[in-house]
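**Student:** Which chain is which? The protein sequence lines are G and V, in order. Number 231 in the numbering used here belongs to position 231 of the first sequence; there are no gaps in the numbering. Number 1055 in the numbering used here belongs to position 55 of the second sequence; there are no gaps in the numbering.
It is possible that some hints are incorrect.
[To be verified] Below, in silico cross-link-like pairs of lysine to aspartate or glutamate (DMTMM-like), each with a Cα-Cα straight-line distance of 20 Å or less: (1) G/K275 with V/E1263; (2) V/K1275 with G/E122; (3) V/K1300 with G/D380; (4) V/K1275 with V/E1302.
These aren't lab readings, by the way, just hints derived from the structure by calculation.
So you can see what is in the structure, the chains are spelled out below.
2 protein chains.
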Amino acid sequence: MTRAAKIIDRCRELARISDVPGETTRLFLSPATRDAHTLLLWWMRQAGLETRTDDTGSLRAVRRSAHANAPTLLLFSHIDTVPNAGPFDGPLGVILALAAIEELHNTPLPFNIEIVAFSEEEGVRFSFPFLSSLAATGQLTPEHLARTDSEGITLAQAIRNFGLDPDCIAETCALPANCFAALEVHIEQGPVLEADDASLAVVEAIVGQSRFQLTFEGQANHAGTTPMSLRHDALAAAAQWIVEVERYAASYTQLVATVGRVETFPGAMNIVPGKVIATLDVRHPRDESRHAAVAHLLTKAEAAGALRGVTVHARLQSEQKAVPMDHALAQHLHQAAGRAGFATHSMFSGAGHDAMILAPYIPTTMLFVRSPGGLSHHPDETVREQDIEAALATVINFLLHLHPHR
Amino acid sequence: MTRAAKIIDRCRELARISDVPGETTRLFLSPATRDAHTLLLWWMRQAGLETRTDDTGSLRAVRRSAHANAPTLLLFSHIDTVPNAGPFDGPLGVILALAAIEELHNTPLPFNIEIVAFSEEEGVRFSFPFLSSLAATGQLTPEHLARTDSEGITLAQAIRNFGLDPDCIAETCALPANCFAALEVHIEQGPVLEADDASLAVVEAIVGQSRFQLTFEGQANHAGTTPMSLRHDALAAAAQWIVEVERYAASYTQLVATVGRVETFPGAMNIVPGKVIATLDVRHPRDESRHAAVAHLLTKAEAAGALRGVTVHARLQSEQKAVPMDHALAQHLHQAAGRAGFATHSMFSGAGHDAMILAPYIPTTMLFVRSPGGLSHHPDETVREQDIEAALATVINFLLHLHPHR
């Protein structure tokens, strides 16, 4: 078995550990998470690492440098999953980091390496993502700890139920004081590398994101007795706007804009829709471009409504600024791949990652691995062995040539 | 109080009788229906009519002609309502018919008049409309009687629970053998008369109707990581089609086409919709035009899908042919209105009515009364007193000049 095949094998083995038999569903601090810990800690200790579990349930595994007062490099990703997930989203970054350390054998390095397997990234259990990396950067608040899951259990109580102590989070979850850099390897979760026939990309930035809910209010009328000229059809207005969202985003470099959900009211076959609620998700690597796109699209919604006597109200639901990754580390990753004999693309991440939470605190970089079919958050999610070899060789080369005080 | 105001007053009084306190909801064979019967039968008997309740719970009230073997004219509408209804949809036709008979006093006529207050037209309780008029025309089948309501009660049992006998339907519900004509007065339930500033219209035909469910199947993808050029967005395809449905129908005389409900799957804010289910309701007074419109719109759905790698499947859910009303009776109604000093428009009914069920069996006509604001199936549904006077005067004139063997 090749070293890449072994990584894939471990990811698939971990994917068998699930809260729901027959699929991969491993929620934050769930019973299956405890079993996943057992297996991961075993692999980590086999590799000679010092391991511990912090008080949000993230695993921490350290390879000490022989240098006194050596600073620390983080290799991180997450081990929770969405419901009915694939095997690679999250665990790949942890298991590939471990494999890289195994490949180093006793090669001395001028820095410690800490693998962090974050316990919460997907936001499923408490309807809020990045809880572990927020804790690691001192951003987890009492409000977060008071959030409840679908059974009414608070985050603080879930931590206690797992045998951990929410009062010790500040102490046990904090990143090492002497961190100088952080790297996350993650599947792309999109079709771009596959479309470019490429294995790897270095992430330049994580896009900013605006989410809106739009309400189109017209007038519900009888579908048989109301002539077309006397209608105020909220759905026709929304439809004209949805077509414009697609057309505009397609014409604007690096912009993605999505209407993911539409609800019609009253929603009867024989009634002209009087009200439509629609969502809008807009992402772009430059915040100014995103703001301009949002302004354009909201204006177009009003215009589509005005043609039909339909009013439009838009409510901002959430907004996230674009987060640039560290430029010097990115260059270093590109060079490492080149030395290892692999080409790397540059791209933006359209999805959020823990890297985005760490980046304001530590120089952070991300390496994307091709997602065949662009498939993600799906049991058929997969990776190619050749791409895993490329990623592993790149990370090893990155470690061998990285100097804390460059 | 004017005679028109008295009709309105009676409709509003009847609307107080409801299965749900504080609104007007009177379902087929419900407890409130029994109370409504009590009041209506009292008014009918006060007017000197012979009354009975048939075995689908419709009220039948007869004014006998002095002529031996006189044929019978039906004046009909329905007394069930949709949930949270207005006071006039249905009851107006019964109460106005009664008022017309009251106004005749002892004027001899060469025909009997039978008022039929159908107990079921709206289709709410058994998710199937026109059950009473189907019974009256011998079209009620054992399958209809086996239909169940939301509590699992069959129609046959509901009839028994009301103290009636489903085995006697053929006998007690049949229209009188010597029927020669039928007239239904009903609110327009649409905005056409109001837009034309007119009180009354004679209905030329009830439109034909096709109902489809369309499924657009694309591919669900991550809204952040999937570039616009690599999407197969089922909602964008559906939206382009919905805009075309509106545009095409608006450009085609007498056509109405409605997309009343859209559902997006998975329906998450951050996922490109992989599937959309949409309804289509197409109506036109000429069946060939309706078929041509349907063919055009389904082709356009496929074209909107093809642009995006989205497949479209259309399933016919129901189809109803256009039903012409009796031309000679319609002329007679126009003339009656003219003699009474009122103008009448001609129009098509975009909604279904019991008249459509009777028309293949008896020469049938319908008189529409303006619906202010086009409002219907809504507690604010109303009528104008001047329009009710116009309708009453027209019906009285119609009765006074109608000859069974014209």
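**Student:** Now tell me, hint by hint, if it's right for this structure.
**Tutor:** Hints versus structure:
With a C-alpha separation of about 14 Å, the suggested pairing of G/K275 with V/E1263 holds against the 20 Å cut-off. With a CA separation close to 24 Å, the supplied pair V/K1275 and G/E122 exceeds the 20 Å bound. Distance hint between V/K1300 and G/D380 is unfulfilled; the C-alpha atoms sit about 33 Å from each other, more than 20 Å. For the given pair, V/K1275 sits about 14 Å from V/E1302 by alpha-carbon distance, which is consistent with the 20 Å threshold.
Violated hints, listed in ascending order, are 2 and 3; each of the other numbered hints is respected by the structure.
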